[in-house]
Structures are given as C-alpha cells and as structure tokens.
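Participant: Chains as they are written, first to last, in our numbering: chain A, 7 to 118; chain B, 6 to 121.
Just so you know, the hints here were simulated from the structure itself, not pulled from any lab data.
Hints may be right or wrong, so weigh each one.
[Stated by the list, open to error] Once the Cα atoms are required to be at most 30 Å apart in a straight line, the calculated DSS-like pairs of lysine-lysine come out as:
#, chain 1, residue 1, chain 2, residue 2
1, B, K18, A, K30
2, B, K48, B, K69
3, B, K48, B, K18
4, B, K48, B, K61
5, A, K30, B, K48
6, B, K69, B, K18
[To be verified] For each label pair, taking beta carbons as the anchor points, the in silico distance ranges come out as:
#, chain 1, residue 1, chain 2, residue 2, range
7, B, P66, A, S39, 31 to 37 Å
8, A, S39, B, G36, 39 to 45 Å
9, A, E93, B, G13, 16 to 22 Å
10, B, G13, A, D7, 23 to 29 Å
11, A, Q33, B, A93, 34 to 40 Å
12, A, D15, B, Q113, 38 to 44 Å
13, A, G53, B, G13, 15 to 21 Å
14, B, A14, A, R73, 37 to 43 Å
15, B, S75, A, A92, 40 to 46 Å
Predicted, not measured: the structure shown is a model, and the values here were computed from it.
We treat Cβ as the ideally placed atom computed from N, Cα and C, and that holds for glycine.
If you want the building blocks of each chain, they are given just below.
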Amino acid sequence: DIVMTQSPDSLPVSLGERATINCKSSQSVLSNSNNRNYLAWYQQNPGQPPRLLIYWASTRESGVPDRFSGSGSGTDFTLTITSLRAEDVTLYYCQQYYISPYTFGQGTRLEI
Amino acid sequence: QEQIQQWGAGLLKPSETLSLTCGVSGGSFSGYFWNWIRQSPGKGLEWIGEINHTGKTDYNPSLKSRVTISVDPFNQQFSLRLTSVTAADSAVYYCARDVGGGYTHWGQGTLVTVSS
Chain A
7 DIVMTQSPDS LPVSLGERAT INCKSSQSVL SNSNNRNYLA WYQQNPGQPP
57 RLLIYWASTR ESGVPDRFSG SGSGTDFTLT ITSLRAEDVT LYYCQQYYIS
107 PYTFGQGTRL EI
Chain B
6 QEQIQQWGAG LLKPSETLSL TCGVSGGSFS GYFWNWIRQS PGKGLEWIGE
56 INHTGKTDYN PSLKSRVTIS VDPFNQQFSL RLTSVTAADS AVYYCARDVG
106 GGYTHWGQGT LVTVSS
C-alpha cells in the first residue's frame, strides 16, 4: 500500500496569515502516461464528511476559494491556505488515488 | 443538485453482518465509481472499496475477505456488506462518488458501533 504521511499533525495558525501543510507519499503518484499527480486534498469539519478541495495535486474543485492552492509532484505535495479565515481552522487530509487501495494521510489539524 | 443519502443499522453485535445502502438522486449514476470509506479515531480514513454501474468492483485487500459491494443501477443504489464484524469495525461509514479525481459527493455518514 502507498503510505501517505502528513506534516505536521497539528499547526498553530493566526487569522489572516498563511498555513502550509505537507504530504509525502511512500511512492510516486505521478502517472507517466498522462503526467498527472493522483493526489487530492480534503477539508473536514466536525460531524461532516470530508470536502474535496484540490485534485490532480493542484486543481481547485468548483466553489473552493482561491486562497486554497495545491502544489508538488511525485512524492511531495503541499496545501497552502493564504489569508486564513476562522472557517479554515479545521482538519485537512491528503489522499492518493493512483494505486488501489487508495490511501489517506493521517490528517493535519489547524489550531488558533 | 446531486444528493447521496445513506441508511442502515448502526448498532451491531460482534460476528454480525454490517449492511448499509446509499441512494443517489438528482444526477447521473453511470460513468462513476461509487465508494465506501470509513473513519475511526484509531485508523483515520480508510478506503473500503468501490463499484461502478456495471458491477465492476475493487476492494481493499485488508477487508476483501469480509466485504461485498453491490449495485442496483435501476434504482441508483449501491450497498456495502461486511461480515463477522468486531469492535475494530466500529467507525463512521461514508459512501462517496469518485469522478476520477477525488470524491466530490459524500453521504452524510452512518455511525456503526459494534458492541456486545
């Protein structure tokens, strides 16, 4: 299985500032056939299912504010949130959907 | 607006069979893979398996011997069956639609507790 490791587990943040979450996969999730990284980012609020933010490592899902951005390739990826708002202070996961079984990171919690 | 509604029993005894169903409304059913994912405090988010409208399945090897995912395309429903449950199977179970680039639509989640 591809192991997804996020860092840090928790991240103290300040409103209006930038937050950066890292995700590392145990093997590359970059497809040679289409040059796409099979990496997604999700946000999860308490009592709710995860919400897709980013797919193909850097494509924002429809309706996601542009303060959310994804970057990286191969095995190393980053989710960046600029101009942090109170509603952004929650839990985030990365996921690879390149090779089954599809696996998630352990999660990163933003904290004020 | 596509919606996914899920239902099924939330309290089971050890060795019983978990059975959950998701119904899809307001959108296309074919052309996607329909997934089951669970979330527990101890194991985080765990992908269980998926199925498409033709019945093609893929399962997580860690659960494959106990899992069956089935589909009823005419009623736009898909179901999860997990046999011989133990306390380790206690989790919130979600169904979700895979568009080939992540899971865009999720059910509301079902808390399943396994306890004698």
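Participant: A separate judgement is required for each hint: does it hold in the structure or not?
Facilitator: Structure-based check of all given hints:
1. B:K18 - A:K30: 38 Å, violated
2. B:K48 - B:K69: Distance of about 17 Å is within 30 Å: holds.
3. B:K48 - B:K18: 20 Å, holds
4. B:K48 - B:K61: 27 Å, holds
5. A:K30 - B:K48: 18 Å, holds
6. B:K69 - B:K18: 21 Å, holds
7. B:P66 - A:S39: 31 to 37 Å: 24 Å, violated
8. A:S39 - B:G36: 39 to 45 Å: For G36 (chain B) against S39 (chain A), whose Cβ atoms are near 21 Å apart, the range 39 to 45 Å is violated.
9. A:E93 - B:G13: 16 to 22 Å: Check failed, 31 Å falls outside 16 to 22 Å.
10. B:G13 - A:D7: 23 to 29 Å: 27 Å, holds
11. A:Q33 - B:A93: 34 to 40 Å: Violated, since Q33 (chain A) and A93 (chain B) (Cβ atoms, about 27 Å apart) do not stay within the stated range.
12. A:D15 - B:Q113: 38 to 44 Å: 27 Å Cβ-Cβ, so the 38 to 44 Å window is violated.
13. A:G53 - B:G13: 15 to 21 Å: The hinted range 15 to 21 Å holds for G53 (chain A) and G13 (chain B), with Cβ atoms some 18 Å apart.
14. B:A14 - A:R73: 37 to 43 Å: For A14 (chain B) and R73 (chain A) the Cβ distance comes to about 41 Å; the hint holds.
15. B:S75 - A:A92: 40 to 46 Å: For A92 (chain A) against S75 (chain B), whose Cβ atoms are near 43 Å apart, the range 40 to 46 Å holds.
Hints 1, 7, 8, 9, 11, 12 from the earlier list are contradicted by this structure; the remaining hints agree with it.
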